[in-house]
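Engineer: Chain by chain, the residues run as shown.
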Amino acid sequence: MEYKQTRMGYVDGLLELARSTPNLVVLDADVAKATKTAEFEAVYPDRFFNCGVQEQNMLSVAAGLALEGFLPFASTFGVFATCRAGDQLRNSIAYPKLNVKIGATHCGISTGGDGASHQSIEDIAIARSFPNMTVLVPGDYEEAKQCTLAAARFKGPVYLRFGRDAYPVVKELHAKFEIGKGKLLRNGNDLTIITTGVMVSEGLIAADILAGENYDVRVVHMPTIKPIDRDAIVASAIETKRIVTVEEHSVIGGLGEAVAGVVSEMCPCFVKRIGVKDVFGESGEANELFDKYGLRAANIVDAAKQLLETEIYIERK
Amino acid sequence: MNKKADINVLKAKAREIRKEIITMVYRANSGHVGGSLGATDIVVALYYHIMKHDATNPMWAQRDRFILSKGHCTPVIYAALADCNYFPAEDLKTFRRPGTHLQGHPFQPKTPGIEASTGTLGLGISTGAGMALGAKIKNERHYYYILCGDGEIQEGQVWEAAMFANKYKLDNVIAFVDRNYLQTDGNSEKVMPLDPLKPKWESFGWHVQEIDGNDFAEIINAVDEAKRATGKPSMIIARTVKGKGVSFMENEASWHGTPPKKVEYEKAIKELDDGV
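Respectively, the protein sequence lines represent chains A and B.
The numbering used here numbers the first residue of the first sequence as 1 and each following residue consecutively.
The numbering used here numbers the first residue of the second sequence as 1001 and each following residue consecutively.
So that you can see chain B by itself, here it is in the shape it has in the complex (with noise of 0.2 Å):
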């Protein structure tokens, strides 16, 4: 099982996950890197400080699940799963390339480490509230991480998937919203407001707190609180950068999913290997 890092480690991480989020898309030519900076921390602090998993036993039934219901931000969390030894890193070099077991967005037959198949917008809180009511049936003690956009929850599906949460009081979903304020066409308020935030999930029934996504020691104690917050769903807003990390990146919209040219490519990588 993993240990957990300290937040100097988890620094040490994030940075090599961006570098290799960045690769990857470059390589492609095709990916979303935006999202993938933006929730790196929050990736990082879950596989290398909060989640109990074995990547030598993928499918441990005690472990705890991470589900990417912002699907299309598989670069972060394949080059976690990598990072952590669920796969060869040398599969990263294939990503969104035929053959390869790592889609555009996750597949969970294929690739070890992924817990459910995601892409579609709005399915991630279903499926771990349809997760989660497993094991309070099964009486097993594990968390379901999920992370969604905050584009993605002007999808209805998750506002049924919020009352369902709350119906069956899941204390073992601990959701984020990835809070960018950025979606494809822009600014999340001006293509379809989500503000003020906080009040829709608390009168979801959730447990709510609203943190700084981009900052380790408060997405850790956000998940401690979120765990003694008993009898009910958990969401976490997690304000963070899109882009996070490579300068010309951040809060860009056009970020989203366009890959970066060659001269971009070494100017992001030059830049976060300046930045240790």
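Extracted from the complex, chain A is given alone in its bound form (with noise of 0.2 Å):
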């Protein structure tokens, strides 16, 4: 299997960008070579702008340079983008819809040894809580490139979530992306795994090990949380009865909720989380985290798996 960064793909997005969108400009705040637009600046150091350690008046910055007709990226680690800077994402930027994209980078656990201060399993909840806000959250290195790209095209302010780590390529995110649009992996009839962000993986290894077990269960990719793909959603809680939600992220807040609500108003029916259990993380490889906090194929067969065979689900359906 093929292992690419998410981050790569933020970057790899701007360069294509640049060459074509004059007004494009990128800002990081000291983290630069962390999340990949030191390339960036190498290429075009006059449209870079080390803002330094200030991610609160970086993003006020892009919201001033986005007001005088520019094309901001904002970049820095996700935790920052919207805890440290939090007022800063609402109120100069999502409050007056201005057209600044934070490229949110080391998002998830899987951020790693750096422990729970900058491990961001909350960013989602909290981008996704502020209204005109749009929030992406790419499955693998193509998508993100894609994420990035339909960003720049969108006018509006988009959130778009990125991890450290290199995470596997999976080919069938590949087709076409649009934002809003949830897609379908895998078609199936007993349930439906929905996945965002790296964890499609899992999900994919997951459907194949229910697969394996005469389960037909259909995968359904989010990478974008908001607006939530309510069509999807529908379809899935109607012909399978049976969701889980799969993120690398506070099940708080997250996907899982987000699914939650739709199905809750529209289409009751069982929706089980996996992500981060309201807890914080600690240091560890991203691999040895991901055992630890349940975010794999396994967890997921297992949610699946009460779904399909515990007596509690199966009656009250």
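Calculated directly from the structure, the hints in this document are not laboratory data.
A hint or two may mislead.
[To be verified] Not close to chain A: a few residues of chain B, all C-beta gaps over 12 Å, as computed:
hint, residue
1, 1054
2, 1093
3, 1127
[Stated by the list, open to error] So, partial list: chain B residues that the calculated Cβ filter (under 8 Å) puts toward chain A:
hint, residue
4, 1109
5, 1112
6, 1126
7, 1164
[Unchecked claim] The calculated PhoX-like cross-link candidates involving lysine-lysine, where the alpha carbons are at most 25 Å apart (straight line), are:
hint, chain 1, residue 1, chain 2, residue 2
8, B, 1169, B, 1019
9, B, 1138, B, 1093
10, A, 97, B, 1138
11, A, 171, A, 226
12, B, 1136, B, 1167
13, B, 1011, A, 97
14, A, 292, A, 4
15, B, 1232, B, 1169
16, B, 1004, B, 1227
17, B, 1138, B, 1232
18, A, 33, B, 1167
19, A, 4, A, 176
20, A, 97, B, 1136
21, B, 1093, B, 1011
22, A, 155, B, 1138
23, B, 1227, B, 1093
24, A, 155, B, 1110
25, A, 277, A, 305
26, B, 1198, B, 1232
27, A, 155, B, 1136
28, B, 1110, B, 1052
Yeah, the Cβ is synthetic: ideal placement off N, Cα and C, and Gly gets one too.
These two chains come separately, so use the hints to put the complex back together.
Structural biologist: Written out as structure tokens, the structure reads:
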């Protein structure tokens, strides 16, 4: 299996855009080597602005640049973009609906060794709670690049979520990307696994395991958390009657609750949420942390089997 | 484009704007009267003498921009914008009411003449610096005037912006601190001391002046000097009287965010009328 970093998809997208988008500028807050925007700076030094360790200032500066007609991509770690600079994200960018893109890297628990302080597991919840904000969570390098290009074409604030690690390349994702549309990766009628971000590969492994046990499992990948693809969720709820959501994020406020919100209003069915269970992470290798915090195909399979085989769910269905 | 008004005209304008501030806050029974009155002379000097702007073409590329970083003082900027015909004076009656474009704090997408959305304190210099950087990239030569409160500059973001504007030599930024020594909870030097303020800004690489911010000649001269100080951003520490123009509101922190009652409103308007 091939592995590539989603943050590289971000900067490769920026480099591709820069050629045809003269008003594109890139900001960073002293993590350019980590977000990979240093590679943009190397090619376009006059269109790159390092704000130092000033995430709050950077987001308001980006707002100012947007007001003057620029297309700023402000880059930092997810935990800084949403928590440290949450007010600026809300009041400088989301509220006036300015055309600022936030390239947030090192999201999720796979940031690894830095530990809980740097592991952004609340950023989807924060970003999607702001009106006017579009939230994109790509699943691999290529989709990260597609999201970056789509964000540039879209007018309005966009939060782009990338990871630190190299993650599996998932060829099935590489069809056309459209903001607000889920991607049907496997069709099936017993249960739907809905994934976002880099958990897509674990979701597909889980679907294969379940297929081996003669379950007909659907997999829908959601690279857009907001606006969420309601049609795909409703169809899955009606046709498969059981949903497992999978995200590298807290179970509070992320994909799982977005999906639960849709089905509870439209077509109630059981939704099990795989994610970080309202705890902070810790230092470790990404793989070790995925194991420890229950973000593996095996955890998805367990949740699916509860819905498929446990009396309590079957009786109440 | 606007013409440069002389000082007597500015004084008369300031009186009218102050009356409008009190009327707006009284009518809405909500809003910030003290800081608006104190900053009136700075805003009047900018809109009627200093800035290049054109209400018939609010998005004119070469206009000077004004950013109200102390966003709670919307009454003063709304009164000035209405008087300059950015929108009908009738709209002022809708201030802080449902459906209005005149929000409690400035909202750029809705209000003609408002250049940036502010409200939570500390956003203005960063936003203005971003705009000023944009103007530098585009090789445009206009100015960004930013008005901060003195309590406001206790926000850490302000000092981030101070470093940033210095790094990029944004000499198209001319900022004011409305130095009235009063903030919501009382005297700024007791709540969180700011003095000595001038060396603070100088050490961040800014050109700094201290003036009487209720004196038109001093405001105008300070902006002229700020324009001559090329290669660095400018800060004008403008000593003002919070509540200026209404005796019982002057230097009273309690008039920060309290609307006047009917009798207070009538007394304030009479004082301003009698001052003619």
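Engineer: Against each hint, give a clear statement of whether it holds in the structure.
Structural biologist: Consistency of the hints with the structure:
| no. | hint | in the structure |
| --- | --- | --- |
| 1 | 1054 | holds, 18 Å |
| 2 | 1093 | holds, 24 Å |
| 3 | 1127 | violated, 4 Å |
| 4 | 1109 | holds, 5 Å |
| 5 | 1112 | violated, 14 Å |
| 6 | 1126 | holds, 3 Å |
| 7 | 1164 | holds, 6 Å |
| 8 | 1169/B with 1019/B | violated, 39 Å |
| 9 | 1138/B with 1093/B | violated, 39 Å |
| 10 | 97/A with 1138/B | holds, 23 Å |
| 11 | 171/A with 226/A | holds, 23 Å |
| 12 | 1136/B with 1167/B | holds, 13 Å |
| 13 | 1011/B with 97/A | violated, 38 Å |
| 14 | 292/A with 4/A | holds, 23 Å |
| 15 | 1232/B with 1169/B | holds, 5 Å |
| 16 | 1004/B with 1227/B | holds, 17 Å |
| 17 | 1138/B with 1232/B | holds, 18 Å |
| 18 | 33/A with 1167/B | holds, 20 Å |
| 19 | 4/A with 176/A | holds, 19 Å |
| 20 | 97/A with 1136/B | holds, 24 Å |
| 21 | 1093/B with 1011/B | holds, 24 Å |
| 22 | 155/A with 1138/B | holds, 21 Å |
| 23 | 1227/B with 1093/B | violated, 37 Å |
| 24 | 155/A with 1110/B | holds, 17 Å |
| 25 | 277/A with 305/A | holds, 19 Å |
| 26 | 1198/B with 1232/B | holds, 15 Å |
| 27 | 155/A with 1136/B | holds, 24 Å |
| 28 | 1110/B with 1052/B | holds, 22 Å |
Of the numbered hints listed earlier, those contradicted by the structure are 3, 5, 8, 9, 13, 23.
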